[in-house]
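Asker: Residue-level listing of the chains:
Protein chains: 2
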Amino acid sequence: MTRILYSLCGADDSRPFSPHCWKIVLALRHKGLDFIEKPTPFTGIPQLENGFSKTVPILRDGNELIRDSFDIALYLEEAYPDRPTLFGGEGGKALSRFVEGFSQTLIHPAITRIAVKSIHDMLEEKDRIYFRESREARLGRTLEEVDASRQAEVGAFAARLEPIRHILKYQEFIGGDGPLFADYILFGALQWMRITAGARVFGDDDPVAVWFERCLDLHDGVGRRVTAA
Amino acid sequence: MTRILYSLCGADDSRPFSPHCWKIVLALRHKGLDFIEKPTPFTGIPQLENGFSKTVPILRDGNELIRDSFDIALYLEEAYPDRPTLFGGEGGKALSRFVEGFSQTLIHPAITRIAVKSIHDMLEEKDRIYFRESREARLGRTLEEVDASRQAEVGAFAARLEPIRHILKYQEFIGGDGPLFADYILFGALQWMRITAGARVFGDDDPVAVWFERCLDLHDGVGRRVTAA
Numbered sequence: 001m002t003r004i005l006y007s008l009c010g011a012d013d014s015r016p017f018s019p020h021c022w023k024i025v026l027a028l029r030h031k032g033l034d035f036i037e038k039p040t041p042f043t044g045i046p047q048l049e050n051g052f053s054k055t056v057p058i059l060r061d062g063n064e065l066i067r068d069s070f071d072i073a074l075y076l077e078e079a080y081p082d083r084p085t086l087f088g089g090e091g092g093k094a095l096s097r098f099v100e101g102f103s104q105t106l107i108h109p110a111i112t113r114i115a116v117k118s119i120h121d122m123l124e125e126k127d128r129i130y131f132r133e134s135r136e137a138r139l140g141r142t143l144e145e146v147d148a149s150r151q152a153e154v155g156a157f158a159a160r161l162e163p164i165r166h167i168l169k170y171q172e173f174i175g176g177d178g179p180l181f182a183d184y185i186l187f188g189a190l191q192w193m194r195i196t197a198g199a200r201v202f203g204d205d206d207p208v209a210v211w212f213e214r215c216l217d218l219h220d221g222v223g224r225r226v227t228a229a
Numbered sequence: 001m002t003r004i005l006y007s008l009c010g011a012d013d014s015r016p017f018s019p020h021c022w023k024i025v026l027a028l029r030h031k032g033l034d035f036i037e038k039p040t041p042f043t044g045i046p047q048l049e050n051g052f053s054k055t056v057p058i059l060r061d062g063n064e065l066i067r068d069s070f071d072i073a074l075y076l077e078e079a080y081p082d083r084p085t086l087f088g089g090e091g092g093k094a095l096s097r098f099v100e101g102f103s104q105t106l107i108h109p110a111i112t113r114i115a116v117k118s119i120h121d122m123l124e125e126k127d128r129i130y131f132r133e134s135r136e137a138r139l140g141r142t143l144e145e146v147d148a149s150r151q152a153e154v155g156a157f158a159a160r161l162e163p164i165r166h167i168l169k170y171q172e173f174i175g176g177d178g179p180l181f182a183d184y185i186l187f188g189a190l191q192w193m194r195i196t197a198g199a200r201v202f203g204d205d206d207p208v209a210v211w212f213e214r215c216l217d218l219h220d221g222v223g224r225r226v227t228a229a
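So the sequences go chain by chain: A and B.
Position 11 of the first sequence, counted from 1, bears residue number 11 in the UniProt record's numbering, the numbering being contiguous throughout.
Position 15 of the second sequence, counted from 1, bears residue number 15 in the UniProt record's numbering, the numbering being contiguous throughout.
Honestly, the hints are just simulated from the structure, not real lab data.
Heads up, some of the hints might be wrong.
As the list makes no split between identical chains, a pair holds if one copy fits it or if it spans any two.
As the list claims (entries may be wrong) - Calculated lysine-lysine pairs in the BS3-like style (CA-CA distance at most 30 Å, straight line): (1) Lys117 x Lys38; (2) Lys54 x Lys31; (3) Lys117 x Lys54; (4) Lys54 x Lys169; (5) Lys126 x Lys38; (6) Lys54 x Lys38; (7) Lys31 x Lys117.
If we strip away everything but chain A, and leave its shape as in the complex, we get:
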């Protein structure tokens, strides 16, 4: 059976950077499932699997085709119940949506402001045009205007992770003694920033930095394999 993860890349397909795709790389490894990753540029996504989805990740698992990172995680949990759990039960499933909400409403916008120009610069010419148009419309500013406040955003970033520092007083991972999909949600966001912007946002002894390093080591260091920008 062929299992394919379509992910996102710029000009260099050895540096996939999408936060949502990284969640699924870790989730597949967590479940011990083999897969082939096919990094795809932005403008190539609409052609994947006969136009199945406007966004990646897309997972092909034999005859199954699934889109959206959370839906893929739910699918993996249901399809492979005997493998290590991604949620730790129904409560964990429900509350992982909260971690997703935290990451996407508070952390992603800050990372976008830090990394958007760096992401642009990683893309091929055709993707740069698409990316600039769509992101400038969304942000209401030029990429260069956003990038002008990058250092201020970098300085303000660590404070946004206070809820994670709180949890790390009690446990090694967001998921408890070991990682769950909730860890991969936030890991995906920080990995996205690491690969695109390489911004130094934490002090070395910041508990969030220590947790992130721990996540980079998971599953044979699959996250560390792609170096920081």
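Following the hints, put chain B in place on chain A, whose structure we already have.
Answerer: Frame of chain A, contents of chain B only:
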């Protein structure tokens, strides 16, 4: 067997307002457990149960004595496993700490800035002296200085709940189809503000306001029983 919840009140002991104690009122009702609530003023807490704890909630459950809202919830889950679950499994237990972190590091400080003067005004004279000294030391400003920016804080409050709006797109409660302790954590914070400051922070059709009203109705409307300030 006598089950006693020591909670917190001001001059009027029919208006207990502590966020942490409200979490446990809902948790006990969730488990279907009878209890007597004994609201206690700030300066009375050190005398409770032979000086067992500097803070409430304190739960006496027969011969057991437990402090700290999260520890009490964990105790209830373990002691009454056949009653409805507060966590929905180990994953839910771990991730509830994240909801606690979100509530205590991002929401509680904002509510403090909105409600601190109102809380002071609800207290008896002896407690006012303790409260003013301890809170002004913690906040680095007089209560009146903090209160001067109340309206600005009220206006900025709703935006802080974006992660909750995200989750409510997918489910009725933070815990999923029904409430879990995670709901009671955030409910406790908003109930604290409702009873002390009565601030109108949400539009009526804000999904967070709809969820909060839903929580006020839970368990025979135990939360609604105490009216808004």
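Asker: Is it within, between, both, or neither for Lys54 and Lys38, if the alpha carbons may be no more than 30 Å apart?
Answerer: within (16 Å within a copy, 57 Å between copies)
Asker: How would you label the pair Lys117, Lys54 (within, between, both, or neither) given a Cα cut-off of 30 Å?
Answerer: within (22 Å within a copy, 51 Å between copies)
Asker: Between the shortest in-copy and the shortest cross-copy C-alpha distance, which are at most 30 Å for Lys54 and Lys169: within, between, both, or neither?
Answerer: between (40 Å within a copy, 21 Å between copies)
Asker: Pop the pair Lys126 and Lys38 into one bin, within, between, both or neither, using alpha-carbon distances up to 30 Å.
Answerer: Classified as within; 19 Å inside a copy, 68 Å across copies.
Asker: Given a CA cutoff of 30 Å, do Lys117 and Lys38 count as a within-copy pair, a between-copy pair, both, or neither?
Answerer: Result: close within a single copy only, 24 Å intra versus 58 Å inter.
Asker: Should Lys31 paired with Lys117 be assigned to within, between, both, or neither, using CA atoms and 30 Å as the limit?
Answerer: For Lys31 and Lys117, the Cα distance exceeds 30 Å both inside one copy (35 Å) and across copies (52 Å).
Asker: Have a look at Lys54 and Lys31 and pick one of within, between, both or neither, based on CA distance no larger than 30 Å.
Answerer: Within. Shortest intra-copy distance 26 Å satisfies the 30 Å Cα cut-off; inter-copy 45 Å does not.
Hint 7 alone, counting from the list given before, is not met by this structure.
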